[in-house]
Amino acid sequence: MWFSGPDLQTDELEDNQSIPDTTYVDELKCTVTLTCNGYNLEFYDELFNRTNNFTKLIRIVSFIFRFINNTKAKECPNKVSKYLTAEELHRSTEFLARVAQLCEFKAEIDALKKGKDVATTSKLKALDPFLDENALLRVGGRLNNSDLPFEYKHQLILPSKHKFTKLLFEHLLKKFLHIGAQGLVHQIRLQYWPINAKDIARKIVHDCIGCLVLLKENDCPPCKWQ
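In the numbering used here, the protein residues as written are -2 to 223.
Hints should not be assumed to be uniformly reliable.
Claimed, not checked - DSBU-like mimics (lysine-lysine), calculated; alpha carbons at most 35 Å apart, straight line:
#  : residue 1 : residue 2
1  : LYS120    : LYS195
2  : LYS171    : LYS150
3  : LYS103    : LYS53
4  : LYS160    : LYS110
5  : LYS110    : LYS150
6  : LYS172    : LYS53
7  : LYS122    : LYS111
8  : LYS120    : LYS150
9  : LYS150    : LYS113
10 : LYS171    : LYS103
11 : LYS160    : LYS111
12 : LYS103    : LYS113
Unchecked claim - Computed Cβ-Cβ distance ranges for the label pairs, DEER-style:
#  : residue 1 : residue 2 : range
13 : LEU140    : ILE57     : 29 to 37 Å
14 : ASP204    : LYS53     : 14 to 22 Å
15 : ALA116    : ALA83     : 31 to 39 Å
16 : LYS79     : ALA116    : 45 to 53 Å
Hints are computed from structural coordinates only; laboratory data are not their basis.
Ideal Cβ placement from N, Cα and C applies to all residues, glycine included.
Given only the sequences and the hints, what does the whole structure look like? Please build it.
Pasting the structure below:
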């Protein structure tokens, strides 16, 4: 028995033996369905509160999207299991920006979806906002005929007090080596248009320990330049 296994493996199927009814097997199978309807803002609030690292946040959401994609794809060629791509990271960044927009600009977004203009009392009225093909709120204007990329002509509008905006400012401040408030606003506005961007930049720079160290450093000794 140890070398050949149980007799059941070697016995031939007799004529009077019947093959098990597959209908029972099908009835016992459980179908798992994953559905995502709308935005659970409480879930994203919890996600934003779990990390203060912008890059880590984007990667977490990217892996969530990949898991959903792989669950739907199953054994299809669309199933992905390697490193995160630039496209996945970009999609996750835009998705989180949309979540931030829904938290503060829901009335404006609903009005634009209905084909109406934003209210005259809205803080976005002067920006002539519109929704792009991905339902992202962007700055309008008269640059449609320019040769600039679409993201540069119509920046994503961001709320001033959302955690996503704060993490984005901190991320770019470190990326560009503590360039100061004015330089930070310039880099941000290449693709985003945060409300009260200058005030946010000044506060982020003021609270940044790295910027404080650079400001407190003494002059180099004269011998270093000789």
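Please name the hints from earlier in the document that this structure breaks, with their numbers sorted from lowest to highest.
The structure breaks none of the hints.
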